[in-house]
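Could you build the full structure based on these sequences and the hints that come with them?
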Amino acid sequence: VMKLFFVLSNNLKLSTFFVTSEKGLEMTVGEGKFVDLSFKVFIFTENSDVRVYTKSNFNYFHPSIHFFKKVQKALVGAHVHERVIVNLEPHEAYGDYDNDLVFTVDRNIENGAFDPKIGHKFSLEMNDGRNKIGKVIFKDDNHIYLDTNHPLAGAKLKFDIYVKKISNTENKVSFPQRKIFEDGFNFR
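Be aware that the sequence shown starts at 898, since it is given in the working numbering, and climbs by one per residue.
Honestly, the hints are just simulated from the structure, not real lab data. Please note: incorrect hints may appear among the correct ones.
[What the hints assert, rightly or not] The calculated DSS-like cross-link candidates involving lysine-lysine, where the alpha carbons are at most 30 Å apart (straight line), are: (1) 1014 <-> 1032; (2) 937 <-> 1055; (3) 1029 <-> 1014; (4) 1014 <-> 967.
Here it is as structure tokens:
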């Protein structure tokens, strides 16, 4: 059984097809389902820049620890070929920008020609023994300023998601789940 719906939005005609499973039940996103999506993420930063990241193939087992909870919640009940739009505030995504996460490091040029370029990344050992990656955001003759905030800290995100396929997980081979932006895409 197939149901066809048309939605008129901003002069764009979208078709939504509900595909039935072998038992005649509509397949929807829910616990224990393997979900195949494509999406665009619109990234809104404080300085009014808008960047777009497109992912044409993103698979995950629902629910996943590597996908935003609010996005997963919005996807519950979605059907194949359905479009879902979700807005995330900074605290629902990568957190607010924290000026306390910008560290000043002595440059100590006397020991050699240490002249990192703006944008280079360095590992910092924190007082608790953890390492943090810091990006050079500014430098002067005596200091280097490293920002350890997540590159998307403070940004609002808008997900425009298209559900491509939903299937039962018992038919899939298990594989390690990947974080949403694990492919090395750098937003800054």
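Each hint, compared with the structure:
1. 1014 <-> 1032: 10 Å, holds
2. 937 <-> 1055: 8 Å, holds
3. 1029 <-> 1014: The given pair, whose Cα atoms are some 18 Å apart, holds under the 30 Å limit.
4. 1014 <-> 967: The hint is violated at about 37 Å.
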